[in-house]
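2 protein chains.
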Amino acid sequence: MKTIKVIKIGGNIIDNEEALARFIKDFATISGPKVLVHGGGKLATQLAKQMNIPVQMTEGRRITDAETLNIITMVYAGKINKNIVAQLQANNCNAVGFSGADGNTIVSEKRPIKTIDYGFVGDVKQVNTEALEVLLNHTITPVFCAITHDANGQLLNTNADTIASELAIGLSSIFNTELYYCFEKNGVLEDVDNEDSVIENINTESYAQLKENNIIFEGMLPKLDNCFHAINKNVQKVCIGKSDMLFNSNNKHTTITK
Amino acid sequence: MKTIKVIKIGGNIIDNEEALARFIKDFATISGPKVLVHGGGKLATQLAKQMNIPVQMTEGRRITDAETLNIITMVYAGKINKNIVAQLQANNCNAVGFSGADGNTIVSEKRPIKTIDYGFVGDVKQVNTEALEVLLNHTITPVFCAITHDANGQLLNTNADTIASELAIGLSSIFNTELYYCFEKNGVLEDVDNEDSVIENINTESYAQLKENNIIFEGMLPKLDNCFHAINKNVQKVCIGKSDMLFNSNNKHTTITK
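Going down the list, the protein sequences come from chains A and B.
Per this note's numbering: the first sequence ends with 261, consecutive numbering throughout.
Per this note's numbering: the second sequence ends with 261, consecutive numbering throughout.
Rather than coming from a laboratory, the hints here were simulated on the basis of the structure.
In this text the structure is predicted, and so the values were computed from the model without any measurement.
One or more of the hints may lead you astray.
Same chains, same names: a pair is fine if it fits in one copy or spans any two.
What the hints assert, rightly or not - When the alpha-carbon atoms are kept at most 30 Å apart in a straight line, the in silico DSSO-like pairs for lysine-lysine are as follows:
#1 K28 <-> K113
#2 K255 <-> K28
#3 K28 <-> K128
#4 K128 <-> K5
#5 K188 <-> K28
Please build the complete structure, drawing on both the sequences and the hints.
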């Protein structure tokens, strides 16, 4: 079985032109099959402001109404995705941009309304890897934005970390799969203000402990839940850290194990 | 050799939600390999207005400055392309959206400045069908927006009619290729105000005559030039008319021959 790397990048790379150019140059040099997943960064919020579309929040969570979905589709699948693909081509990495609608790769379900109506937000139901497989077999790299569809014609906004873990799980039946979450820190930190305090290994047991002791909290919880979801569903390796971890084996980062 | 249909649709379909839904439903039923190319319609101009970005014209031609290219990328490759792909999926037609950057399919060159600087407009230099071929062989339908790239990381705005003819020419080495330009009229008309005056066949000789007699003029000229470019470069069949011509063999339309 070949090894594939599924690599997710977020706002710290996407929102910084130089950081993105540097990352793309490095990413292009990774040998073997690979998939890139990108979040949206700050550009969607900027465009919403420019278009005078108010950001709607409920209990601290952003709501994806029809206008916001429209903006997200334009920014994520249009501007960011196509510019990343063009830059990869310039670095001799043949890439094809994807949303979950393309190739019917990621089918999701509009999140049911319980206490909060999140609007056009999709929870992943099914991953189909056929289109990815045929491209990967021809050394073409899929580049995913964080948009899925419900198979009835409706696009849906989906968390980019979730897209990365679900794609990794889907691909793990045909590849030895490694999942890398790149973000602005060196990994999961013992002390959030100390970049040297990287917890190098977290397993199910220590994760429970770290949560109980409030060392891991807030935004890190859904990210780590995605990591454990992947490692428990056949993904062979899951790492969190700065993107440098991909290119420099000495770079400290967090590895998730069962 | 299998036969492939390359079908281009424009504003009369894209700008009308019902017409688009009807077209997609019909398009999904076309058997055999097919490629869809869509223009941009009026949505880009609407978004530019909403964002207070002025439309720049020089000698009656629109200029694609950096902000306009950004809008076009968001609207064509994001909003329109992804919604068409999602609707095709809903009609059981497995599709993948493409710009010319995706799969490095269409490499273009920024139009050189002679008397007018058109800005980020690309003239097609090269078509690479590898990514299309592997998808088409798996009954996946490519859906193209009218954006190309220069292979150095720059996206470029390119005429959708030209994209359709260049793709048809590129695919003609591996398929028996038919090119269909769908627009708001029944075909090339002898009398522009009479929908019954369709000229059913135009060849190189009669085209010269029709131009000389001012029966064909203005906007039809570049469209017909694209048709003749295709038919002279190995495309087996080129037709212009309402999209009905695809689904009803009795529908009058114009066929271009050498």
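- Task: Have a look at K255 and K28 and pick one of within, between, both or neither, based on CA distance no larger than 30 Å.
- Result: within (21 Å within a copy, 52 Å between copies)
- Identical-chain pair category, K128 with K5, by Cα at 30 Å: within (26 Å within a copy, 36 Å between copies)
- Check K28 against K128 for me: Cα-Cα at most 30 Å, and say if that holds within a copy, between copies, both or neither. between (33 Å within a copy, 25 Å between copies)
- Given identical chains, is K28 near K113, meaning Cα to Cα at most 30 Å, within a copy, between copies, both, or neither? For K28 and K113, the Cα distance is within 30 Å only across copies (23 Å; inside one copy 36 Å).
- Query: For K188 vs K28, is the C-alpha pair at or below 30 Å within one copy, between two copies, both, or neither?
  - Reply: This pair counts as within: shortest intra-copy Cα distance 21 Å, inter-copy 48 Å.
Hint compliance for this structure: every hint is met.
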